[in-house]
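Undergrad: So the protein lines, in turn, are chains A and X.
Numbering that gives the first Met the number 0 puts the first residue of the first sequence at 0, with every later residue one more than the last.
Numbering that gives the first Met the number 0 puts the first residue of the second sequence at 0, with every later residue one more than the last.
Hints in this document: simulated from the structure, not taken from any laboratory.
Just so we're clear, the structure is a prediction, and the values are computed from it rather than from any experiment.
Idealized CB from N, CA, C, for every residue including glycine.
Please note that the accuracy of each hint is not assured.
Stated by the list, open to error - Computed Cβ-Cβ distance ranges for the label pairs, DEER-style: (1) A:ALA53 with X:ASP60: 27 to 37 Å; (2) A:LYS68 with X:ASN3: 50 to 60 Å; (3) X:GLN329 with A:ALA22: 25 to 35 Å; (4) X:ARG135 with A:SER51: 33 to 43 Å; (5) X:ASP33 with A:GLY127: 45 to 55 Å; (6) A:TYR107 with X:THR122: 20 to 30 Å.
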Amino acid sequence: MQTKDCLTIYGEQIKSRLLIGSALYPSPDIMTQSIVASGAEIVTVSLRRQQSAAAGDDFWQLIKNTGLKILPNTAGCHSVKEAITLAKMCREVFATDWIKLELIGDDYNLQPDPFALLEATKILIDDGFKVLPYCTDDLVLCQRLNELGCEVLMPWGAPIGTGKGLLNSYNLKTIRERLPDTTLIVDAGLGLPSHACQALEMGYDAVLLNSAIAGAGCPITMSRAFKAAVEAGRFAYKAKAMPEKDVAAPSTPTMGMPFWHQEK
Amino acid sequence: MFYNIAVVGFGLAGRLAALGLSKQHQVTVFEADDEHTKNSAGKVAAAMLAPLAESVLCEADLALMGLDSMKRWPGIIAELESDVFFQQQGTLVIAHQQDKGDLQSFAQRIKPLAGYTAEHVNTQQITMLEPELAGRFNQGLFLPCEGQIDNQAFYKASFTQLNKRKVKFVFNQRVTISDNKINNRPFDYIIDCRGLGAKNTQGDKPLRGVRGEVARLYAPEVSLTRPVRLMHPRYPIYIAPKPNSEYVIGATEIESQDSGAATVRSTLELLSAAYTVHSGFAEARLLNIQTGLRPAFSDNRPEVSQVGNVISINGLYRHGYMLAPALVAQAVSQIQ
Numbered sequence: 000m001q002t003k004d005c006l007t008i009y010g011e012q013i014k015s016r017l018l019i020g021s022a023l024y025p026s027p028d029i030m031t032q033s034i035v036a037s038g039a040e041i042v043t044v045s046l047r048r049q050q051s052a053a054a055g056d057d058f059w060q061l062i063k064n065t066g067l068k069i070l071p072n073t074a075g076c077h078s079v080k081e082a083i084t085l086a087k088m089c090r091e092v093f094a095t096d097w098i099k100l101e102l103i104g105d106d107y108n109l110q111p112d113p114f115a116l117l118e119a120t121k122i123l124i125d126d127g128f129k130v131l132p133y134c135t136d137d138l139v140l141c142q143r144l145n146e147l148g149c150e151v152l153m154p155w156g157a158p159i160g161t162g163k164g165l166l167n168s169y170n171l172k173t174i175r176e177r178l179p180d181t182t183l184i185v186d187a188g189l190g191l192p193s194h195a196c197q198a199l200e201m202g203y204d205a206v207l208l209n210s211a212i213a214g215a216g217c218p219i220t221m222s223r224a225f226k227a228a229v230e231a232g233r234f235a236y237k238a239k240a241m242p243e244k245d246v247a248a249p250s251t252p253t254m255g256m257p258f259w260h261q262e263k
Numbered sequence: 000m001f002y003n004i005a006v007v008g009f010g011l012a013g014r015l016a017a018l019g020l021s022k023q024h025q026v027t028v029f030e031a032d033d034e035h036t037k038n039s040a041g042k043v044a045a046a047m048l049a050p051l052a053e054s055v056l057c058e059a060d061l062a063l064m065g066l067d068s069m070k071r072w073p074g075i076i077a078e079l080e081s082d083v084f085f086q087q088q089g090t091l092v093i094a095h096q097q098d099k100g101d102l103q104s105f106a107q108r109i110k111p112l113a114g115y116t117a118e119h120v121n122t123q124q125i126t127m128l129e130p131e132l133a134g135r136f137n138q139g140l141f142l143p144c145e146g147q148i149d150n151q152a153f154y155k156a157s158f159t160q161l162n163k164r165k166v167k168f169v170f171n172q173r174v175t176i177s178d179n180k181i182n183n184r185p186f187d188y189i190i191d192c193r194g195l196g197a198k199n200t201q202g203d204k205p206l207r208g209v210r211g212e213v214a215r216l217y218a219p220e221v222s223l224t225r226p227v228r229l230m231h232p233r234y235p236i237y238i239a240p241k242p243n244s245e246y247v248i249g250a251t252e253i254e255s256q257d258s259g260a261a262t263v264r265s266t267l268e269l270l271s272a273a274y275t276v277h278s279g280f281a282e283a284r285l286l287n288i289q290t291g292l293r294p295a296f297s298d299n300r301p302e303v304s305q306v307g308n309v310i311s312i313n314g315l316y317r318h319g320y321m322l323a324p325a326l327v328a329q330a331v332s333q334i335q
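Next comes chain A alone, as it looks inside the complex (with noise of 0.2 Å):
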């Protein structure tokens, strides 16, 4: 059943709008409280460099005990192959068939691998995952990413880490109006919550970041103004921005106003 303005990503309906990552946090404790600071109700979470399932556990058992929905990801593969043996692995270990596919095309920038990005997410979803790729901001390929039937697409707003908010708004915007249907979460990049609000007020349906609240100097309270940002910014959207002008329109007629007043 369709619940009141709701973010939805593959049936399911998620009332934040906000998805949240779980690494690079001073410990695990303000990860937690971050986490729940932030009113999110997905956390991804990478199971790459554990070695083995069972070698991370007490670390994803924090995470688990949120209770919180996990968006387990690829982070840090650079071919099919990798991404597809950790996607099933995720699957495992984590009980869900959503995988947040990441696939590194340039090792400096961390560019998501366009090419690689197609072929994986052909391979998972006829293995039955719901994929959501993080990818650039190219309409063709967001196109071709839905084309193969996700549900939901993750541009980026800027590089991995790099806290510069949404550097090709042209783009975004674009991929909002020539895919209206499709839910769209900006994911990476951002640095600010003025960021995420940007991205709300242009109808993306979410954020995705992690570096932005881990990285501050106070990730709690930093967790709490996205959580402030991505609620004004969808509230904005829905609320229809005025129309940009060039001409100054005074909000309060000047005819008729004390005289006391216009001194000021």
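Assemble chain X onto chain A, guided by the hints.
TA: Same frame as chain A, but now just chain X:
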């Protein structure tokens, strides 16, 4: 008072506790491993004493405890009556041009500690501090007050000294502590320094291991005189020069309990990053790459706690050498 005291765990904290107590009391050390304690995090570590740099990650009170420990190390080493390398000549922090953002954000996050703060250094100053890095880096930070210790030498010398003091050792025995007894043997006090060996015995404070991989190189073509940290978006490393042209390159930090051999990825990251700092590492000999698990509580803060006559020191995480002397002193004072 004279007490019969058991120290359980012969890692860094256990050694310091045994050293602190054996002058006055009868001490028996229990260790699950043999005398080489090859799995001890303190043995694998680079043994950096870096309260300013670590203040980026930890709370100010812990960094200040690091300064306190720093003052204690020379006295501890003097007690060993052996030549254990200890140095306090600061740390140099550098970044490649393209990663200067990481250097800036690191500089912003350093907490000034009791009058010490990070100093920005330019090409000339870097050259003066480390002549072999001349021309390679044009900006950096100098962290005065920081130092390091040769932990391999400390492990060896502490064992020798404790033997001289007639400390009793029980190796290769995993013990249970209950009712103030060890395997039903009573002691006046028990100092629990088991680290991850105490996992699942810490009540409601779960301990976890945080995997770290560290490379030890023999690099006669490199002469760095003090620890050097490289800021990098993905491979932040430190290079700690030890005696006899040995260098410790560390360390990865992975939320994993796996203590198995280092991975190729980690090895490549550590060694490539070191090579970008100094090309003389190309011909270095790779002496070993070891893996250790750092015992940590979920707040990443250490804890000294006492229940009955059992005093536990645990959760030193990545700050063993930086914090252990102060923490152990606190535990020892609970006895005296």
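Undergrad: Which earlier hints turn out false for this structure, listed by number in ascending order?
TA: none
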